[in-house]
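Heads up: the sequence lines are chains A, B, C and D, in that order.
Just so we're aligned, residue 30 is where the first sequence starts under my numbering, counting upward by one.
Just so we're aligned, residue 30 is where the second sequence starts under my numbering, counting upward by one.
Just so we're aligned, residue 30 is where the third sequence starts under my numbering, counting upward by one.
Just so we're aligned, residue 30 is where the fourth sequence starts under my numbering, counting upward by one.
Because the hints were derived from the structure by calculation, they are not lab data.
Errors might be hidden in some of the hints.
[As the list claims (entries may be wrong)] Calculated lysine to any residue pairs in the SDA-like style (CA-CA distance at most 25 angstroms, straight line):
hint: 1; chain 1: C; residue 1: Lys78; chain 2: A; residue 2: Arg54
hint: 2; chain 1: B; residue 1: Lys232; chain 2: C; residue 2: Arg51
hint: 3; chain 1: D; residue 1: Lys78; chain 2: B; residue 2: Gly248
hint: 4; chain 1: A; residue 1: Lys246; chain 2: D; residue 2: Lys78
hint: 5; chain 1: D; residue 1: Lys78; chain 2: B; residue 2: Leu75
hint: 6; chain 1: A; residue 1: Lys78; chain 2: C; residue 2: Arg51
hint: 7; chain 1: A; residue 1: Lys246; chain 2: D; residue 2: Ala354
hint: 8; chain 1: D; residue 1: Lys78; chain 2: B; residue 2: Gly353
hint: 9; chain 1: D; residue 1: Lys246; chain 2: A; residue 2: Arg351
hint: 10; chain 1: D; residue 1: Lys246; chain 2: A; residue 2: Ala223
hint: 11; chain 1: A; residue 1: Lys246; chain 2: A; residue 2: Gln217
hint: 12; chain 1: B; residue 1: Lys78; chain 2: D; residue 2: Leu75
hint: 13; chain 1: B; residue 1: Lys191; chain 2: C; residue 2: Gly248
hint: 14; chain 1: C; residue 1: Lys232; chain 2: B; residue 2: Gly248
hint: 15; chain 1: D; residue 1: Lys78; chain 2: B; residue 2: His52
hint: 16; chain 1: B; residue 1: Lys232; chain 2: C; residue 2: Ser247
hint: 17; chain 1: A; residue 1: Lys232; chain 2: D; residue 2: Ala216
hint: 18; chain 1: C; residue 1: Lys232; chain 2: B; residue 2: Ala216
hint: 19; chain 1: C; residue 1: Lys246; chain 2: B; residue 2: Val226
hint: 20; chain 1: C; residue 1: Lys232; chain 2: B; residue 2: Gly353
hint: 21; chain 1: D; residue 1: Lys78; chain 2: B; residue 2: Pro184
hint: 22; chain 1: C; residue 1: Lys246; chain 2: B; residue 2: Thr352
hint: 23; chain 1: B; residue 1: Lys232; chain 2: C; residue 2: Lys78
hint: 24; chain 1: C; residue 1: Lys246; chain 2: B; residue 2: Gly76
hint: 25; chain 1: A; residue 1: Lys232; chain 2: D; residue 2: Ser272
hint: 26; chain 1: A; residue 1: Lys246; chain 2: D; residue 2: Ala223
hint: 27; chain 1: C; residue 1: Lys232; chain 2: B; residue 2: Asn273
hint: 28; chain 1: B; residue 1: Lys232; chain 2: C; residue 2: Ala245
hint: 29; chain 1: C; residue 1: Lys246; chain 2: B; residue 2: Arg351
hint: 30; chain 1: D; residue 1: Lys246; chain 2: A; residue 2: Ser179
Note that the coordinates shown come from a computational prediction; the quantities given were computed from them, not determined experimentally.
The chain contents come next:
Number of protein chains: 4
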Amino acid sequence: MVGMAVLGCGRIGRMHARNLARHPRARLLMVFDILAEAAQQTAAELGVKIARSVDEVLSAGDVGGVLVATPTDTHVPLIASAVKAGKAVLCEKPVDLDLERAQACWSEIAGGKPRVMIGFNRRFDASFRALRERLQRGEIGTLELAVITSRDPAPPPATYIKASGGLMRDMSIHDFDMARYLAGDIAQVHAFGANLVDPAIGKLGDIDTCSVSLRAKSGALIQINNSRRCVYGYDQRIEAFGSNGMLQAGNQYATTVESWSAERTGAREPVLNFFIERYREAYTSEVDAFVSSLEEGRPMSPDFADGLAALRLAVAAEESLRTGAVVGLD
Amino acid sequence: MVGMAVLGCGRIGRMHARNLARHPRARLLMVFDILAEAAQQTAAELGVKIARSVDEVLSAGDVGGVLVATPTDTHVPLIASAVKAGKAVLCEKPVDLDLERAQACWSEIAGGKPRVMIGFNRRFDASFRALRERLQRGEIGTLELAVITSRDPAPPPATYIKASGGLMRDMSIHDFDMARYLAGDIAQVHAFGANLVDPAIGKLGDIDTCSVSLRAKSGALIQINNSRRCVYGYDQRIEAFGSNGMLQAGNQYATTVESWSAERTGAREPVLNFFIERYREAYTSEVDAFVSSLEEGRPMSPDFADGLAALRLAVAAEESLRTGAVVGLD
Amino acid sequence: MVGMAVLGCGRIGRMHARNLARHPRARLLMVFDILAEAAQQTAAELGVKIARSVDEVLSAGDVGGVLVATPTDTHVPLIASAVKAGKAVLCEKPVDLDLERAQACWSEIAGGKPRVMIGFNRRFDASFRALRERLQRGEIGTLELAVITSRDPAPPPATYIKASGGLMRDMSIHDFDMARYLAGDIAQVHAFGANLVDPAIGKLGDIDTCSVSLRAKSGALIQINNSRRCVYGYDQRIEAFGSNGMLQAGNQYATTVESWSAERTGAREPVLNFFIERYREAYTSEVDAFVSSLEEGRPMSPDFADGLAALRLAVAAEESLRTGAVVGLD
Amino acid sequence: MVGMAVLGCGRIGRMHARNLARHPRARLLMVFDILAEAAQQTAAELGVKIARSVDEVLSAGDVGGVLVATPTDTHVPLIASAVKAGKAVLCEKPVDLDLERAQACWSEIAGGKPRVMIGFNRRFDASFRALRERLQRGEIGTLELAVITSRDPAPPPATYIKASGGLMRDMSIHDFDMARYLAGDIAQVHAFGANLVDPAIGKLGDIDTCSVSLRAKSGALIQINNSRRCVYGYDQRIEAFGSNGMLQAGNQYATTVESWSAERTGAREPVLNFFIERYREAYTSEVDAFVSSLEEGRPMSPDFADGLAALRLAVAAEESLRTGAVVGLD
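Let the sequences and hints guide you as you build the complete structure.
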């Protein structure tokens, strides 16, 4: 049984807290949020204690793991403190918006073999996971090319965009991690970006649509396409082409119902929308992977280095957007 | 090269004439229709001769095969005459609306090993044919149950219904043949019928919707569902369940385009509509099978006996409709 | 908050107990099983009390509802006792294997407006429910015909078959309920049965494969096909044809992965197998519907009368199997 | 009625000759091939004359249109001669492997309003055409991004590769044309290439796998992925994302049969393989479009300028492959 605390009781923190509260081998002991009300709501719902400070959490002897779901700029200091306090950490993505800051954190803690997992939830989606396992078992031979489609239902408000770090660090970062999950380390990046969805996003200097090409060190090519808008739901798909075949993993639906009429046939409802619904089971599996790794002393995956690598790809893609040139990773 | 004549230049006769005219190993020599205009139109289009009488056709030495696409009540006499004149015959279904009359014809000609093929076009559909071949190769083990879905786009006019012989002999007869094609001879029939589509059909004493259950001599069960109306096109499907799996064969579309919108996803256009379009390639294959069998001296299939067997099933199903009881075939 | 007790801690009782323990508005207070060990296991897992007798359960003032998951022949007496004790009941299907006994129970309790729900879990499947709601909203006009496919993955052992009441009362009864759920009361039944899967089943006088045709009082026709074996998983599908279109609800899969190879394309894994997995969410919704109906004083649905009606259809289908004739319901 | 001649009686020339011979408003008058045997075979099969020289073809008064299916390096001189002789031309892609040579040809003939159509067959595929028409009708709003998947079944022999002009000019050129067909003129190109399929291709200095990103002048982004190998058949698909939805057009199959077994479900056969089969109807429509445009005096489409534009994109993509930089088109 692993004692857990949740830092940050916003939408995603509350979801994680619920999953931990329900987990058969975890005990959610306390929650914390800078907004007392948010902490109170979650604590009341789940019948757990409210910590008055981060320090109280980190000094609690029965807390073995800390789930960090606070604003992005607090990730690095919270990870560092938690690790120093001997806690395992499951931190929401991204590690940080600033690559140097994230690297500095890593330099500081890496020596101590910290147990840090980064919340790239898609790695825990049953379908993406099965696709990768089948890929690794050699079902389609060597991976040669992959197409990752990832489109959000609707653009977030300007306030979100402003603090987001931009499309690459906020949204495409999931796809960079997915590319690495499928194809391993990446050697080269090229990105085209555009502001086609919401002029407000362009005014903030950001893009809302992109086409990214990656070349993995293995030789495989990966194509990513992203948009901040997708009217038919949260479009999340992968196609992996290998020397012996192809694997696809696709969208999820609330029901299997299809309709036939004089106008159209085989029509389904829009796909699940948004990440809380689409990745509901993935988030449960993610927390389970963290708890199991912690209990069994297995290495965390994806770990801090994976978080760094994805951020590095986002930064490289931004450079490519600016220069039009391919950017190499070492 | 097989010399051919077409009797009957209505919609379906003209289609067959075109297929014969295009066939690399057939030569369409002449056409005949009681309506001079119909014959003229087809003859002009295809550059072939107009026969002035059936006799002219049957006495032409270079005519090896006759395609009969005349009204149903002329099928039996035309088959008999053509066979006596030494011609091979490809006759549209049904053999006749009257079982006794059809049987009498058969008694009359059977001794001479007549080469007669009945136009059950669905046997020549590439998908249904592939399904059956895979079934016979044992891909799903022993056939245990099949579901045949067959629904016409829209009810025909009352004049058609009146002369049609009723749903069972006109429409379900295709499915009775398909049941035999898949499962072999049939031992028992039960049928429920209803008049749900068009009250005019009910007034004529006919039904437009039915649920038929068959038990094959092999033990397999077959379910047929028919309707005279299907707003999304001509619905033509088969599901075959066996001890080791299931095979489906489905509808056909003009394009592969699917659309995703805020309202619905994966929507296709209506299915192909109607038999001339849906079975376009099947009709070509049917004529090809006839020509090849004739050229190579192979037995015709489906033959007159198959036509009789399907008609017998239609008659038995009608009895079941009246009595509510299962009707046995010997 | 509804206080609940579970009678019967076998596989399905335990599942219900877990769902009740997790339900936000229910409190699972106690469990009972004639096998002390089974009760103990469930009680320990969920941290609830073990009742020493049914009487203890029925006399507990804080128990508002009783979930009955005991062997079929105890359903009727337990329902009667629970109702007399003023408890609401959620009872697993079937009500009883004996129609007279079930009717007698109903005569005894019906006057008291008992709150009894029968566990026809498929009514709570999100896809079947959505299909029915769309049907009732008129999306495809009037229902004219439905095809219900329901095939178990593998035949149960002989001991199960012996006590099962036979295919109709044990398995097809779900489909009879589904037919009523979609089309309302049924007027006529015809059934063909066969022993194609396991000779042991035939030796016990039972069948393992069937084709059933129903005619609803509304005029709609329904085709049911069942088998005790389906190698590709638990096949559970509905097709509903109406005057303006068709709705399908289909199988569920563990992942969305499809594979393409030199041999085949678009291949998915076997479908979910078996009812505990396939109807996992349906069982949760069923318990939720019971709790909500109880809390809000709404009528239970499906209720005892629905359980009786489905049983009556099973008995009628058996008569049809014997006689070959259509059997009418009043 | 349009009098036609075919130059080049190889595999693709013969196919075009057959389509012309069957076309109701064309008359195939003569064929020519430098290899007498090839010309003879086609002439005999279709019952047409063998021209002894290109001059004979171009000076024949009854020849209104010339179909050019000769080796690529003869396209430019044949187009020029035919245009000067007052003939309309349908020329196989590519116009030429050398951009300057193609441009020089255009400069030479453009003034005379030549009727030249380039054989980009995919524009005539019913599904791609329907997708584009629906796009242009605004069904999914503004086009924002498209993914074009185009993978050949198996790499061609080294002799073919040597003369092919390389992946971009030989194979991707179809996708460049498709990108223009969907999104209009292209502003920028980036390409990643790799030699993953056949080392022999790499030894010849060519690639066999690529990921290309385009930015259209309209702002839309296009992703192309190509491979010289695809074990499950000739993979030809388009996804077009717009502000209001998405349209897909997909692969084609010989049958609709799907199979379910203990190992897998919903499995189809490999997709149609190769272009002669996959684009059979497209080639027929292409010839029909040429004949109709000629008869009705409508402009040819795609025309010589389209052929040039696609070639220009291929050349730009090659530059991007070499330099790693985005290449702009004016």
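Structure-based check of all given hints:
Distance check on the hinted pair: Lys78 (chain C) and Arg54 (chain A) sit about 22 angstroms apart at the alpha-carbon level, within 25 angstroms; holds. Pair hint Lys232 (chain B) plus Arg51 (chain C) does not hold up; C-alpha atoms about 59 angstroms apart against a cutoff of 25 angstroms. Note on Lys78 (chain D) and Gly248 (chain B): the hinted pairing is violated, with a Cα-Cα distance of about 61 angstroms set against a maximum of 25 angstroms. Simply put, Lys246 (chain A) and Lys78 (chain D) have alpha-carbon atoms about 58 angstroms apart, too far for the 25 angstroms limit, and the pair is violated.
For the given pair, Lys78 (chain D) sits about 22 angstroms from Leu75 (chain B) by alpha-carbon distance, which is consistent with the 25 angstroms threshold. Of the supplied pair hints, the one linking Lys78 (chain A) and Arg51 (chain C) holds, its CA atoms being roughly 20 angstroms apart against a limit of 25 angstroms. A threshold of 25 angstroms between alpha carbons decides the hint, and for Lys246 (chain A) with Ala354 (chain D) the separation of about 19 angstroms falls inside it, so the pair holds. The straight-line distance between the Cα atoms of Lys78 (chain D) and Gly353 (chain B) is roughly 69 angstroms, outside the 25 angstroms bound, and the hint therefore fails.
Under the criterion of a C-alpha separation no larger than 25 angstroms, the hint pairing Lys246 (chain D) with Arg351 (chain A) is consistent with the structure, at around 18 angstroms. Straight-line distance between C-alpha atoms of Lys246 (chain D) and Ala223 (chain A) comes to about 12 angstroms, which keeps the hinted pair within the 25 angstroms bound. At roughly 8 angstroms between alpha-carbon atoms, Lys246 (chain A) and Gln217 (chain A) fall within 25 angstroms of each other, so this suggested pair holds. Only pairs whose Cα atoms come within 25 angstroms are accepted, and Lys78 (chain B) paired with Leu75 (chain D) is accepted, the gap being roughly 22 angstroms.
For the proposed pair Lys191 (chain B) and Gly248 (chain C), the alpha carbon gap of about 23 angstroms is at most 25 angstroms, so the pair holds. A C-alpha spacing of about 17 angstroms is found between Lys232 (chain C) and Gly248 (chain B), which places the hinted pair at or below 25 angstroms, so the restraint holds. The suggested pairing of Lys78 (chain D) with His52 (chain B) holds, with an alpha-carbon distance near 22 angstroms, which does not exceed 25 angstroms. Using a Cα cut-off of 25 angstroms, the hinted pair Lys232 (chain B) and Ser247 (chain C) holds, with the two alpha carbons roughly 19 angstroms apart.
Taken as a hint, the Lys232 (chain A) and Ala216 (chain D) pair is honoured in the structure, with Cα atoms around 23 angstroms apart against an allowance of 25 angstroms. As the CA atoms of Lys232 (chain C) and Ala216 (chain B) are separated by approximately 23 angstroms, the hinted pair is consistent with the 25 angstroms bound. Between Lys246 (chain C) and Val226 (chain B) the alpha-carbon distance is near 16 angstroms, which keeps this suggested pair within the 25 angstroms criterion. With a CA separation close to 29 angstroms, the supplied pair Lys232 (chain C) and Gly353 (chain B) exceeds the 25 angstroms bound.
At roughly 51 angstroms between alpha-carbon atoms, Lys78 (chain D) and Pro184 (chain B) are farther apart than 25 angstroms, so this suggested pair is violated. Taking the CA atoms of Lys246 (chain C) and Thr352 (chain B), the gap is near 19 angstroms; set against the 25 angstroms cutoff, the hint holds. Proximity of Lys232 (chain B) to Lys78 (chain C) is assessed by CA-CA distance (about 68 angstroms); at most 25 angstroms being required, the pair is judged violated. Only pairs whose Cα atoms come within 25 angstroms are accepted, and Lys246 (chain C) paired with Gly76 (chain B) is rejected, the gap being roughly 58 angstroms.
A hinted pair counts as satisfied when its Cα atoms are at most 25 angstroms apart, and Lys232 (chain A) with Ser272 (chain D) qualifies at roughly 19 angstroms. Between the alpha carbons of Lys246 (chain A) and Ala223 (chain D) the distance comes to roughly 12 angstroms, so the proposed pair stays at or under 25 angstroms and holds. Proximity of Lys232 (chain C) to Asn273 (chain B) is assessed by CA-CA distance (about 22 angstroms); at most 25 angstroms being required, the pair is judged to hold. The straight-line distance between the Cα atoms of Lys232 (chain B) and Ala245 (chain C) is roughly 21 angstroms, inside the 25 angstroms bound, and the hint therefore holds.
Proximity of Lys246 (chain C) to Arg351 (chain B) is assessed by CA-CA distance (about 18 angstroms); at most 25 angstroms being required, the pair is judged to hold. Simply put, Lys246 (chain D) and Ser179 (chain A) have alpha-carbon atoms about 24 angstroms apart, close enough for the 25 angstroms limit, and the pair holds.
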